[in-house]
Amino acid sequence: MTGDERRAIEADCARLIALYANRNDAADWQGVVALYAEDGLMTRPTAPDAPIIGRAAILAAFHSRPPRKTRHVCSNVVIDVLSPTEAVGESAMLLFQPDMPPLAGSFHDRFVLTADGWRFAERRGSLAW
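The working numbering applies: residue 13 is where the sequence shown begins, and numbers increase by one.
To be clear, the hints were calculated from the coordinates, so they are not data collected in a lab. Treat the hints with care, since some could be wrong.
Computed spacing ranges between beta-carbons, pair by pair [to be verified]:
{"#": "1", "residue 1": "P79", "residue 2": "T14", "range": "40 to 48 Å"}
{"#": "2", "residue 1": "D92", "residue 2": "W141", "range": "25 to 33 Å"}
{"#": "3", "residue 1": "D111", "residue 2": "M13", "range": "41 to 49 Å"}
{"#": "4", "residue 1": "L106", "residue 2": "T14", "range": "13 to 21 Å"}
{"#": "5", "residue 1": "G66", "residue 2": "E102", "range": "19 to 27 Å"}
{"#": "6", "residue 1": "S138", "residue 2": "D37", "range": "14 to 22 Å"}
{"#": "7", "residue 1": "P78", "residue 2": "A20", "range": "35 to 43 Å"}
From the three backbone atoms N, C-alpha and C, an ideal C-beta is built for every residue, glycine too.
Start from the sequences, fold in the hints, and give me the full structure.
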């Protein structure tokens, strides 16, 4: 793999992290779910030991939440390319909501190349505070 190919994969995976935050804040649940592989796994930072598996289950989980206003800020994104079809990443996350103290946490991601492009195979969230 060339350096340019590795950097392209890193950029594609980092873009997924940003899209996830933006679509989540817009309550675009279909758009969020489309970022996952068909059998993708998600854990929320507030429930890191309760995995939700598959696009249908992830969509149902988002729809089951009460409406809320949020702003997710993701930073310190580091992507490690494992192969031309797999990568892993870590990012820091701050969650802002009106009238609530901010939450800080992180995501540990596993990415996979699908027929539709790079997608989350796993997105595991956890809270630092």
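| message | A range of 25 to 33 Å was offered for this pair. Does it hold for the Cβ distance of D92 and W141? | response | Given about 26 Å between the Cβ atoms, the range holds.
| Is it true that the C-beta distance of G66 to E102 lies inside 19 to 27 Å, as the hint says? | holds (24 Å)
| task | Determine whether the Cβ-Cβ distance between L106 and T14 falls within the hinted range of 13 to 21 Å. | result | violated (35 Å)
| said: Can you tell me whether the CB distance of S138 to D37 sits inside 14 to 22 Å? | reply: At roughly 20 Å between Cβ atoms, D37 and S138 fall inside 14 to 22 Å, so the hint holds.
| query | Taking 35 to 43 Å as the hint, is the beta-carbon distance of P78 and A20 inside that range? | reply | holds (39 Å)
| Consistency of beta-carbon spacing, M13 to D111, with hint 41 to 49 Å | holds (48 Å)
| task | Could you see if the CB distance from P79 to T14 stays within 40 to 48 Å? | result | holds (46 Å)
Hint compliance for this structure: hint 4 alone is broken.
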